[in-house]
Structures are given as structure tokens and as C-alpha cells.
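Q: Okay, here's what each chain looks like letter by letter:
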Amino acid sequence: MTPRKIMLLGDIGVGKSSIVRRLVFDEFDHNYKPTLGVDVYSCEIAPEASTETPPAKFVIWDTDGNFGDSILSLVYIREATAALVVGDLTRPATINTMLDLGRNFMQAMPGRYCGFLLNKSDMTGDQAVLPPELANSSIPAVRTSAKTGENIKHAFLAAADAIRRRGL
Amino acid sequence: MPFSQQQTPFGVVDFENDVESRERLRAGEILAARGAFAMVWIDHALIVRRRFGILADFIKLDASLTACIPAVIGLEADIKELHEAPDSILRIPNVSMISKAGIGPRLNLAFYAVDQFYVLVISHASGGSNLEIELSRQIRARLMAEATVAAKSQELLLANAELRIANAKLEQFASIVTHDLKAPMRALCHMTDELGSAVSSGDVEKARRELDELRHQGLRLSSMLSALLRYSSAGPRELAIEPVDTAVLVAEIVRSLPDRQLAIKVRGNWPRLETFAAPLDLVLRNLIDNAIKHHDRDGGSVIITCTDHPSALELAVTDDGPGIAPEHHDSIFLPFRSISGTSEGMGLAIVQKMVAAAGGAIHIRSNTGQSRGVTFVVHWPK
Chain R
11 MTPRKIMLLG DIGVGKSSIV RRLVFDEFDH NYKPTLGVDV YSCEIAPEAS
61 TETPPAKFVI WDTDGNFGDS ILSLVYIREA TAALVVGDLT RPATINTMLD
111 LGRNFMQAMP GRYCGFLLNK SDMTGDQAVL PPELANSSIP AVRTSAKTGE
161 NIKHAFLAAA DAIRRRGL
Chain F
423 MPFSQQQTPF GVVDFENDVE SRERLRAGEI LAARGAFAMV WIDHALIVRR
473 RFGILADFIK LDASLTACIP AVIGLEADIK ELHEAPDSIL RIPNVSMISK
523 AGIGPRLNLA FYAVDQFYVL VISHASGGSN LEIELSRQIR ARLMAEATVA
573 AKSQELLLAN AELRIANAKL EQFASIVTHD LKAPMRALCH MTDELGSAVS
623 SGDVEKARRE LDELRHQGLR LSSMLSALLR YSSAGPRELA IEPVDTAVLV
673 AEIVRSLPDR QLAIKVRGNW PRLETFAAPL DLVLRNLIDN AIKHHDRDGG
723 SVIITCTDHP SALELAVTDD GPGIAPEHHD SIFLPFRSIS GTSEGMGLAI
773 VQKMVAAAGG AIHIRSNTGQ SRGVTFVVHW PK
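Here the protein sequences line up with chains R and F, keeping their order. Each residue of the first sequence is one higher than the one before, starting from 11 at the first, in this note's numbering. Each residue of the second sequence is one higher than the one before, starting from 423 at the first, in this note's numbering.
Derived from the structure by calculation, the hints contain no laboratory data. From the three backbone atoms N, C-alpha and C, an ideal C-beta is built for every residue, glycine too. One or more hints might be untrue.
Unchecked claim - What follows is a list of derived Cβ distance ranges for each label pair:
1) R:Thr-12 - F:Arg-444: 39 to 49 Å
2) F:Arg-513 - R:Arg-175: 30 to 40 Å
3) R:Pro-64 - F:Thr-729: 32 to 42 Å
4) F:Ala-485 - R:Asp-39: 24 to 34 Å
5) R:Arg-174 - F:Ser-678: 46 to 56 Å
Said to hold, decoys possible - Partial pick of chain R residues on the chain F-facing surface, computed with a CB cut under 7 Å:
6) Pro-44
7) Val-50
8) Pro-65
9) Val-69
10) Arg-88
11) Glu-89
To be verified - Listed below are the simulated DSS-like cross-link pairs for lysine-lysine, each with C-alpha atoms no more than 30 Å apart in a straight line:
12) F:Lys-604 - F:Lys-574
13) F:Lys-628 - F:Lys-604
14) F:Lys-628 - R:Lys-67
15) R:Lys-43 - F:Lys-574
16) F:Lys-522 - R:Lys-157
17) F:Lys-591 - F:Lys-604
18) F:Lys-591 - F:Lys-804
19) F:Lys-522 - F:Lys-482
20) F:Lys-591 - F:Lys-574
21) F:Lys-522 - R:Lys-43
22) F:Lys-591 - F:Lys-715
23) F:Lys-574 - R:Lys-157
24) R:Lys-67 - F:Lys-687
25) R:Lys-163 - R:Lys-67
26) R:Lys-43 - R:Lys-67
27) F:Lys-482 - F:Lys-502
28) F:Lys-522 - F:Lys-604
29) F:Lys-591 - F:Lys-687
30) F:Lys-502 - R:Lys-67
31) F:Lys-715 - F:Lys-574
32) R:Lys-157 - R:Lys-67
33) R:Lys-157 - R:Lys-43
34) R:Lys-163 - F:Lys-604
35) R:Lys-163 - R:Lys-43
Full structure from sequences and hints, please.
A: The structure is reproduced here in C-alpha cells:
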């Protein structure tokens, strides 16, 4: 099976690299190290339960948060099958950026899968009030924590499932 | 072909006699050996056929391009289209490929169509050095850290300001409570004196009257303390965010009101939102109850309006009752302030406390052009 290309989008410092490193290496680094340009991760993820579904192969494009909306017009996003758009639960502005990026991705690449990751769910004391647009959005959202690993694998497997169902 | 002549991707070059080409080749070899660039020749089926330079060492000969370079997965058609437009270049700048096997260097990839091949030129994203990248990283990390510190300082300033306001409110509250609870206490003391003198003089009738009054003042004191308890417990602990259909909420409040002689009208745009559900219910219910309770005529009306602004709801409860004199518009929200004297005077104090705890504000507006009635306006943040 050819690996499927998934974009990891979102504002600076929301934890995109931490999410993909938790998925690929099962590790978390407390020191913030911004991504400049693009890091392309190759990985294979086995389903959570023992099923006949084969492992999902991914090429995950971890992008520089500075790209903003311009990422949608760059070569990096060509033929992506899905995007997971990340917001930081402790910074409301990044949730709004996440909503905009998700909406714009769906417009730029119709038919592809898109999911929201509300990251840093472990920081329970600092969480921002979520905007009502999030509840009304057709894009599914899940709370994640790269630090604890909460829902990280689940989010990528949900994307793999959607990609398979849509024949992408 | 003579030994001195070589087939290159750019045609046949006579290296023995062409000094310039020989020097160019030598310069290219030096740079490729130092890892400044590399070249890869790829056939029409996107299989790697030749490579040159240590930067391309990770690419296997006779393997598929996508297996060697995951970053080109999905771009196969774009690479093949280069033959349709021979002058065009497909660039994938600034990528680093990472897997469990290791972390690759940050590279610029550029694809060209040359004769029957595709040529991939690989170069370091920072011109052969990772210094610029590391510097940029550190600058960005510092900016992020500074932004975090600035945000925390701002939060601290805000917390200090809130603390000062809370202290001032506490002082005001203590002063009001002391003053208002003193009155029934004074009455109790006076009545026990009166009771004592009535008993001494054998005036049983007067003693009975004083005892009744004593019980009445005791009940009043107990009622005031209960109201005070309700006021002090109203606040942040009830602040749970839940999805609320405000149209359903207001309809439910109106439906639950007791039989009344007033017309209740609901107007405006009542949206669905995620907000502090219980406090919003309490605020609306209290304001509507208040408007009904203090109305002095049959056949009047109470109008409840919601205006949906981008960042807040503007909720207005308007009645055509006796109104509130402008000089009482501020003090009406203090504990134990009842204009009509028919209640403990804690309802509006609790309402204001809940609105403030939710981050909103409340004020009174006299009804424009009318001698009667009043409007309570609440700005409820979204």
C-alpha cells in the first residue's frame, strides 16, 4: 500500500511537531523547538484493536506554523489526502486560526479528510473558552495531548479510516 | 566514442581537449564530495538510475524514487509533467525527511527534465550549513518565550487589579452587612428591655406584644442571614460552560412563571451558544421575576429582548411598572436594597454578582419618553 500523505497544519507553537513525534517515536520533549520549513515523517500505525485492517502507512508533513494560509498554495500540499489542523487549548487565537485553516483547506481541497486536534488537553488549569463556531463546524474535533499521548494515535487512525472509506 | 569523450546528461563532452569543461567537472566533483549538492538521474518510470555526490548517498540505485524520498509521494504526476514543459522546474524547498531510521538533513529538491531523464538536484537548504537554521530556531524560540512571559505578566496585572476590586467590594460588603444587620439587632435589644420592664410591672398584655415583636424581628434576622448566605454562595462555583439554546431557555423560564396578570413578550434573536448556562438562567429568571413582583398594575407588560452581537448578547428586561428613580440606579444592586420594601433586597445583588462572575455587566435604563417603567440591560459575553 502506498503511504498516504497527511498535512499537519496550525499556528506556531500549538504542538504539531510534538504530536507527530509522539506518534512516530512515542516521545515528548519539553523544550520548544520551532519547525522551519517542513519535516516529512514516514511511519506505519497498527490499528488499536486486533482487526483485519492492515497497518496504516503515512507520510506526515509537519509544517512551519509561519506558513499560515499560504501553505494551501504551496507545492507541499499537492495531492495531500488529509489534513489534521491543530489548535492550542490554552491560546484562544490559535483555535480561531485552526478554524480558518480547516475551512480553507476544505475549500482548497474538496473531498479530502480534515480533522481538528485541540492540543494541550493536559493543561487543565489554563484552558480557553472554545468559540461556538467549533461546535457548529462539520469538521470533527478531538482533544489531544502530545505530552500524555491522549488521542494522538486515535486521531491518525480516524484519518486513515476516512481516507480508506473515501478511496483517497 | 574515444575514451577522452564522455556522455553526460548534457551531451557529449571532450574532457581531454576541453579544459573549461574539465575544470567545471572538477569543481562540481569537489562540491559534491563536500556535500554541497548532489544529482540524481531518474528514468520515466521514476526509478533511480544514477547518482552523484554524498548528499544522494541515502538514495538507492534501481529503487523507486518515492521509496527513497517520501517527500515526493503524491508528486509523481507533477514530475512526469516536466517533460511537457522542458523549461520548468519542480522545486520542493526546505524539507527534512524523518523516520525511525533517523533524521535527514534539511534539503532543497529541484526536478528538471533533461533528455530521456528527470534530473533531481539536491542542495542543502541553508547553502551547506545548518547555522542559519539553528539561529532562526533560537530566535523564534526566544520570541515565543518572550510572548509567553508577556502574556503571564499581563495575566498577573489583571489578577492584581481584580484582587484590588475584590478587596474594595469586600470592604463595601462588610460595611453594608454590618449596618443592615445592626437594625434588627438593636430592635431585639430594645424589645428585651421592654419585655423586662413589662414583666417587672406585671403588664402581661404588653409582655405578650413584645414577645410577638421579638419573634418577628428574630424571623427577619434569620431571613436576612439566609439571603446573605445565598448571595455569598452565588458565583464562580456555578460557572460550568454548557451548550445553551437561549430561545428554549427563555421560553422555559416564561412557561414556569406563576399565573399573572401581566403580558410577557419575548422578542429579538435568541441564538445557540456555549456559555455559563446556570448563571444565565438565574440572571434571566431573577430579572423577569423582579419585573413581575414589583409591578403595581394589572394589564401591564414585561418585554424580554435579546440582541445577538458578535462578542456578547445584549439581554433587556423592560417593564411598565412604577420604575426606579435615577438616584437609586446604582445602589439598587447593593445587598439589602429594596425600593419597594417588599423583599430582602438581595435579588439584584445576586444577579449583578453572577453577571460579573460570567465576565458581563448590568445596568438600568429609564424607559425613553415614558414616565413609568424601567429596563435592565445585561451584556452577557459569548
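Q: So, for every hint listed, does it hold in this structure?
A: Results of checking the hints against the structure:
{"no.": "1", "hint": "R:Thr-12 - F:Arg-444: 39 to 49 Å", "result": "holds (43 Å)"}
{"no.": "2", "hint": "F:Arg-513 - R:Arg-175: 30 to 40 Å", "result": "holds (34 Å)"}
{"no.": "3", "hint": "R:Pro-64 - F:Thr-729: 32 to 42 Å", "result": "violated (55 Å)"}
{"no.": "4", "hint": "F:Ala-485 - R:Asp-39: 24 to 34 Å", "result": "holds (32 Å)"}
{"no.": "5", "hint": "R:Arg-174 - F:Ser-678: 46 to 56 Å", "result": "holds (51 Å)"}
{"no.": "6", "hint": "Pro-44", "result": "holds (4 Å)"}
{"no.": "7", "hint": "Val-50", "result": "holds (5 Å)"}
{"no.": "8", "hint": "Pro-65", "result": "violated (14 Å)"}
{"no.": "9", "hint": "Val-69", "result": "holds (5 Å)"}
{"no.": "10", "hint": "Arg-88", "result": "holds (6 Å)"}
{"no.": "11", "hint": "Glu-89", "result": "holds (3 Å)"}
{"no.": "12", "hint": "F:Lys-604 - F:Lys-574", "result": "violated (44 Å)"}
{"no.": "13", "hint": "F:Lys-628 - F:Lys-604", "result": "holds (24 Å)"}
{"no.": "14", "hint": "F:Lys-628 - R:Lys-67", "result": "violated (95 Å)"}
{"no.": "15", "hint": "R:Lys-43 - F:Lys-574", "result": "holds (20 Å)"}
{"no.": "16", "hint": "F:Lys-522 - R:Lys-157", "result": "holds (19 Å)"}
{"no.": "17", "hint": "F:Lys-591 - F:Lys-604", "result": "holds (20 Å)"}
{"no.": "18", "hint": "F:Lys-591 - F:Lys-804", "result": "holds (25 Å)"}
{"no.": "19", "hint": "F:Lys-522 - F:Lys-482", "result": "holds (18 Å)"}
{"no.": "20", "hint": "F:Lys-591 - F:Lys-574", "result": "holds (25 Å)"}
{"no.": "21", "hint": "F:Lys-522 - R:Lys-43", "result": "holds (19 Å)"}
{"no.": "22", "hint": "F:Lys-591 - F:Lys-715", "result": "holds (28 Å)"}
{"no.": "23", "hint": "F:Lys-574 - R:Lys-157", "result": "holds (21 Å)"}
{"no.": "24", "hint": "R:Lys-67 - F:Lys-687", "result": "violated (60 Å)"}
{"no.": "25", "hint": "R:Lys-163 - R:Lys-67", "result": "holds (13 Å)"}
{"no.": "26", "hint": "R:Lys-43 - R:Lys-67", "result": "holds (26 Å)"}
{"no.": "27", "hint": "F:Lys-482 - F:Lys-502", "result": "holds (20 Å)"}
{"no.": "28", "hint": "F:Lys-522 - F:Lys-604", "result": "violated (76 Å)"}
{"no.": "29", "hint": "F:Lys-591 - F:Lys-687", "result": "violated (35 Å)"}
{"no.": "30", "hint": "F:Lys-502 - R:Lys-67", "result": "holds (24 Å)"}
{"no.": "31", "hint": "F:Lys-715 - F:Lys-574", "result": "violated (46 Å)"}
{"no.": "32", "hint": "R:Lys-157 - R:Lys-67", "result": "holds (23 Å)"}
{"no.": "33", "hint": "R:Lys-157 - R:Lys-43", "result": "holds (15 Å)"}
{"no.": "34", "hint": "R:Lys-163 - F:Lys-604", "result": "violated (64 Å)"}
{"no.": "35", "hint": "R:Lys-163 - R:Lys-43", "result": "holds (22 Å)"}
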